[in-house]
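Below are the chains, spelled out letter by letter.
2 protein chains.
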Amino acid sequence: STSGGKPKPPPVMRYNLNNVTITGNPVENNENILVLTPMARFYQGYWDNLLQLTYPHELITLGFIIPKNREGNAAYAELDKQITKTQKFAPEKDRFKSIIILRQDFEPPLSSQDEAERHKMQNQMPRRAAMAKARNSLLFTTLGPATSWVLWLDADIIETPPTLIQDLAHHDRPLIVPNCFQRYYNGEKKKMDERPYDFNNWQDSPTAQKMASEMGADDILLEGYRDMPTYRTLMAYMEENGGDVHQEVPLDGVGGTALLVKADVHRDGAMFPPFSFYHLIETEGFAKMAKRLGWQATGLPNYKVYHYNE
Amino acid sequence: STSGGKPKPPPVMRYNLNNVTITGNPVENNENILVLTPMARFYQGYWDNLLQLTYPHELITLGFIIPKNREGNAAYAELDKQITKTQKFAPEKDRFKSIIILRQDFEPPLSSQDEAERHKMQNQMPRRAAMAKARNSLLFTTLGPATSWVLWLDADIIETPPTLIQDLAHHDRPLIVPNCFQRYYNGEKKKMDERPYDFNNWQDSPTAQKMASEMGADDILLEGYRDMPTYRTLMAYMEENGGDVHQEVPLDGVGGTALLVKADVHRDGAMFPPFSFYHLIETEGFAKMAKRLGWQATGLPNYKVYHYNE
Ligand SMILES: Nc1nc2c(ncn2[C@@H]2O[C@H](COP(=O)(O)OP(=O)(O)O)[C@@H](O)[C@H]2O)c(=O)[nH]1
Ligand SMILES: Nc1nc2c(ncn2[C@@H]2O[C@H](COP(=O)(O)OP(=O)(O)O)[C@@H](O)[C@H]2O)c(=O)[nH]1
Ligand SMILES: [Mn+2]
Ligand SMILES: [Mn+2]
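First to last, the sequence lines map onto chains A and B. The first sequence: position 185 = 196 (our numbering), numbered continuously. The second sequence: position 183 = 194 (our numbering), numbered continuously.
Since the hints were derived computationally from the structure, they do not count as laboratory data. Mixed in with the good hints there might be a few duds.
Because identical chains cannot be distinguished in the list, a pair is counted as satisfied if it fits within a single copy or across any two copies.
Simulated crosslink set (DSBU-like; lysine-lysine; CA at most 30 angstroms straight-line) [unchecked claim]:
| id | residue 1 | residue 2 |
| --- | --- | --- |
| 1 | LYS79 | LYS302 |
| 2 | LYS200 | LYS131 |
| 3 | LYS96 | LYS19 |
| 4 | LYS92 | LYS19 |
| 5 | LYS131 | LYS315 |
| 6 | LYS302 | LYS131 |
| 7 | LYS104 | LYS19 |
Go ahead and model the full structure; you've got the sequences and the hints to work with.
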C-alpha cells in the first residue's frame with residue numbers, strides 16, 4: 012500500500028511480555044481479558060448476563076467458536092444480531108473492545124445437542140474430544156500478546172454476579188472456578204430451587220487413581236456416572252448455604268462452564284487435551300496439564316454461577 | 012474513539028476457518044505462513060537466508076521470541092536494525108507482511124549458550140523445557156485465524172534452498188522436516204565438508220520403547236548421547252548423496268531447526284510439551300502429540316538445510 016507515493020512500511024509490533032501484568036487488581040492495572048465461548052446454541056440469558064458484567068468492557072475481547080451446521084448457523088445469526096445491537100447502538104461503555112467469531116467445519120459428533128443425549132456415557136469420549144479441539148482452536152487463534160486473562164464461559168451460563176471477573180481475579184490464582192449450579196422447579200417443595208450442575212470440578216480420590224492405573228492407555232475416567240463411581244470429592248457438593256463466597260479449595264479437575272485462567276498458563280502450553288491425558292480429557296485434562304506445568308487449580312465452592320435449564 | 016462526533020463501532024471480525032485453505036500449492040492459493048523463531052543470538056546468515064526465500068513476502072508474518080537478558084538484548088538490537096532496513100528501505104516485494112517480536116522474562120536456564128555447554132546431557136531437561144515454553148508462548152500468542160502454515164525456523168539456520176516453503180508445502184503433509192546438516196572444515200580431507208546436525212528426527216526403536224517403559228514417569232529419553240543408546244533410526248544418517256530430494260520417510264520424533272506444520276495441527280492443540288510426554292519433550296514430544304491427534308510426521312532425508320557452525 013502507498014500513501015503519497017511513498018510505500019508505507021508494513022507493521023512491526025514489539026511486545027515485552029513482562030509488561031503485560033496479571034494481578035489481583037486487573038481493573039486498576041488495565042488488564043485485558045479474553046472471554047472465550049464455544050457456542051452450539053445461542054441463549055439470550057448468556058448475552059444479557061455478559062452485558063451486565065461490570066469489568067470495563069473496553070478491556071474485554073470476546074471470542075466465539077460456532078459449529079458450521081444448521082443449529083450453529085441459527086446461533087450465529089442470533090449472536091450477530093445481538094452484537095450489532097451492542098457494538099453499534101449501545102452506549103459506548105457497554106461496547107466490547109473487539110469480537111472475534113470463528114466458524115468451525117467439523118460436525119459436532121452428536122446429532123442432537125439435547126441434555127439427555129449429551130450426557131450419555133458412551134457419547135462422552137468423542138463429544139469431549141470434539142469440545143477440546145473446539146476450545147483449542149479458539150484459544151490458539153485468539154490469544155494475543157496483550158492478553159492478561161482468559162475467561163472460559165459456556166454459552167449456557169445465564170447468570171453470574173456482575174463482578175464475576177473482578178471477584179475471581181482478586182484471588183490471584185493461576186486457574187480458578189466458581190461452582191456451577193442450575194435453577195429448577197422443585198415439584199415436592201412446589202417452588203423454585205437449585206441443584207449442582209457441573210461435576211467436573213473435583214479433588215482426586217484413591218479409587219479414581221486405582222481405576223486409572225488399571226485402564227487401557229487411551230481410556231478416560233468420567234465423572235458423575237453411576238456405572239463408574241470414582242469417590243472423588245466433588246466441589247458441587249461442597250457448597251454451604253450462606254458460606255463464605257471467598258472460601259478456596261484446591262482442585263485436581265475443573266469444568267469449563269466458567270473458568271478464569273491467567274494467560275501465562277496457556278502461554279506455557281496448557282491446552283485442552285482431545286486425547287487421554289493421565290486418563291483425563293478436555294477441561295479435566297487441562298487442569299492436570301496445568302499442574303504438570305506447575306500451576307494449581309482452585310475452586311470456590313460458595314461462589315455460584317448458573318447453567319441454563321432446558 | 013469518535014469520528015465526526017459519532018462513536019465508531021469497535022471491530023467485529025468474522026472468520027470461517029474452512030475458507031482458510033492449507034494446500035500443496037500455497038502460493039497459488041494465497042496461503043498465509045507464520046515463520047516462528049526462538050532467538051537467543053542473532054546470525055546475519057539467518058536473516059540473509061530469510062530474505063532470499065521466494066515465497067511471496069506479503070504472505071509471510073515473522074514471529075520472534077527473544078530472552079530478556081544481555082545476550083537477548085544484543086540479539087534484539089541486531090534484529091531490529093535488520094528489520095528496519097528491510098521493512099522501511101528495501102523494495103516493497105522484499106518486505107514481510109508483518110513482524111511480531113516478543114521478549115520473554117524468564118532467564119534461559121543455562122548461563123552459557125555455547126554449543127558444548129548446551130549439549131551436555133544433564134543440561135538437556137531444563138534447557139528443553141525452557142525451549143518448549145518459549146515455543147509455546149510464541150505459538151499461542153502469534154497464531155491467527157488466517158494462518159495456513161507455521162514454519163519453525165531456528166535462528167542459527169543460515170542456509171536453505173530459496174524455495175524452502177514451497178518445496179516442503181508441496182508434499183502436503185501435516186508436519187514435515189528437511190534434514191539439518193552443518194558445514195565444517197574437514198582437517199583430514201583438507202577441505203570444507205558437511206555432517207549431520209539435528210538428531211531429533213528419528214524413527215522409534217524397540218530399545219527406546221523398552222527404555223521408556225522402564226523409566227520414571229517424569230524422565231525423558233534423549234537422542235544422540237553415547238551414554239543412552241536408543242538404536243532409533245536417525246534421519247540424519249539416511250541422507251544419500253545425490254538421492255531424490257523428495258523422498259519421504261515417516262518419523263516419530265522431529266527437531267525444530269526447520270519444521271513446517273499445517274496450522275490446523277496446532278489449532279487441534281498440538282504444542283511443545285515442556286514436561287515428559289510419553290518420555291519425550293519439546294519438538295520430539297510435539298511429534299508424539301501430533302500423532303495422538305491423528306497427524307503423522309514426515310521427513311525428507313535428502314532435502315538439506317544448514318546449521319551455523321560456531
Ligand atoms: N463450537 C462448538 N461448541 C459446542 C459444541 N458442542 C457444545 N458446544 C458448546 O460448548 C459448551 C459446553 O457444551 P454443553 O453441551 O453445554 O456441555 P454440558 O453443559 O457439559 O452438557 C456450550 O457453550 C455449548 O454451546 C460443538 O460441537 N462445537
Ligand atoms: N527465546 C529463546 N530462544 C532460545 C533460548 N535458547 C535457545 N534459543 C533459540 O532456540 C533455537 C534452538 O536453540 P539452540 O541452542 O540453537 O539448539 P541446538 O542447536 O539444538 O543446540 C535457536 O534459534 C536459539 O537461538 C531461550 O532461552 N529463549
Ligand atoms: Mn452446558
Ligand atoms: Mn541450533
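(request) Give the relationship of LYS200 and LYS131 under a CA distance limit of 30 angstroms: within one copy only, between copies only, both, or neither. (result) within (28 angstroms within a copy, 70 angstroms between copies)
(request) State whether the alpha carbon distance between LYS302 and LYS131 is at most 30 angstroms within one copy, between copies, both, or neither. (result) both (29 angstroms within a copy, 28 angstroms between copies)
(request) Could you figure out if LYS131 and LYS315 sit no more than 30 angstroms apart (CA to CA) within one copy, between two copies, both or neither? (result) within (25 angstroms within a copy, 51 angstroms between copies)
(request) Can you give me the call for LYS104 and LYS19, within, between, both or neither, at a CA distance of at most 30 angstroms? (result) between (34 angstroms within a copy, 12 angstroms between copies)
(message) At most 30 angstroms between alpha carbons: which applies to LYS96 and LYS19, within, between, both or neither?
(response) between (35 angstroms within a copy, 13 angstroms between copies)
(message) When Cα atoms must be at most 30 angstroms apart, do LYS92 and LYS19 count as within-copy, between-copy, both, or neither?
(response) So LYS92 and LYS19 pass the 30 angstroms test across copies only (18 angstroms; inside, 36 angstroms).
(request) At 30 angstroms max between alpha carbons, let me know whether LYS79 reaches LYS302 within a copy, between copies, both or neither. (result) Between copies, since 26 angstroms is at most 30 angstroms while 34 angstroms is not.
Of the numbered hints listed earlier, not one is contradicted by the structure.
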